[in-house]
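Trainee: From first to last, the protein sequence lines are chains A and B.
Residue 900 is where the first sequence starts when you use the working numbering, and the numbers rise one by one after that.
Residue 900 is where the second sequence starts when you use the working numbering, and the numbers rise one by one after that.
Treat the hints with caution; some may be incorrect.
Intra- or inter-copy, both count: the list cannot distinguish identical chains.
[Claimed, not checked] Once the Cα atoms are required to be at most 20 Å apart in a straight line, the calculated SDA-like pairs of lysine to any residue come out as:
no. : residue 1 : residue 2
1   : Lys-910   : Asp-951
2   : Lys-960   : Gly-929
3   : Lys-960   : Glu-912
4   : Lys-910   : Gln-927
5   : Lys-910   : Thr-964
6   : Lys-924   : Leu-979
7   : Lys-924   : Ala-954
8   : Lys-960   : Ala-950
9   : Lys-924   : Arg-902
These aren't lab readings, by the way, just hints derived from the structure by calculation.
Protein chains: 2
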Amino acid sequence: MARVVVDVMLKPEILDPQGQAIVRKLPQLGFEGVAAVRQGKRFEVELDGPADEAALEQVRKIAETLLANTVIEDFEVRVL
Amino acid sequence: MARVVVDVMLKPEILDPQGQAIVRKLPQLGFEGVAAVRQGKRFEVELDGPADEAALEQVRKIAETLLANTVIEDFEVRVL
């Protein structure tokens with residue numbers, strides 16, 4: 900069983916209100932020195948077989964179809 | 900400016916209904932060979948200064964306080 904990670908983040912040009920809310924809260928909690936926070940999604944995909952090129956290509960298709968909204972999000976696929 | 904990633908995932912023993920919903924949907928979309936999917940959160944934290952040990956320790960504290968619910972979630976911090 901191979902495990903593949905799909906990281907989904909908002910495209911840089913897209914506003915990230917959740918990340919901004921976190922950054923605004925940090926000084927009130929005594930945390931300094933954080934310029935920005937971006938929030939996204941992380942998927943761990945467990946495959947029946949090996950993480951060969953065909954399997955990775957399928958995970959990319961799954962990410963495009965189901966895990967990411969490719970209009971506003973970018974995703975990266977990597978073997979864990 | 901250094902960038903640190905905080906990956907937050909449900910603890911293994913915690914049920915992941917979102918991940919299960921994705922796995923159930925995959926065969927209907929023509930995708931085979933996926934045993935399980937776990938969904939979590941990914942944060943990119945941009946620091947004003949370098950990602951030295953003090954900065955990483957602070958990011959761990961931020962993760963414990965604000966980014967993860969440590970009762971049901973584990974998190975990992977790594978420099979990007």
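Trainee: Each hint: holds or not?
Mentor: Going down the list of hints, with the structure as the test:
1. Lys-910 <-> Asp-951: Answer is neither; intra-copy 28 Å and inter-copy 27 Å both fail.
2. Lys-960 <-> Gly-929: between (43 Å within a copy, 10 Å between copies)
3. Lys-960 <-> Glu-912: This pair counts as neither: shortest intra-copy Cα distance 24 Å, inter-copy 29 Å.
4. Lys-910 <-> Gln-927: Classified as neither: same-chain Cα gap 28 Å, cross-chain 29 Å, threshold 20 Å.
5. Lys-910 <-> Thr-964: So Lys-910 and Thr-964 pass the 20 Å test inside one copy only (17 Å; across, 26 Å).
6. Lys-924 <-> Leu-979: neither (32 Å within a copy, 23 Å between copies)
7. Lys-924 <-> Ala-954: Result: close only across copies, 17 Å inter versus 41 Å intra.
8. Lys-960 <-> Ala-950: within (14 Å within a copy, 34 Å between copies)
9. Lys-924 <-> Arg-902: between (35 Å within a copy, 19 Å between copies)
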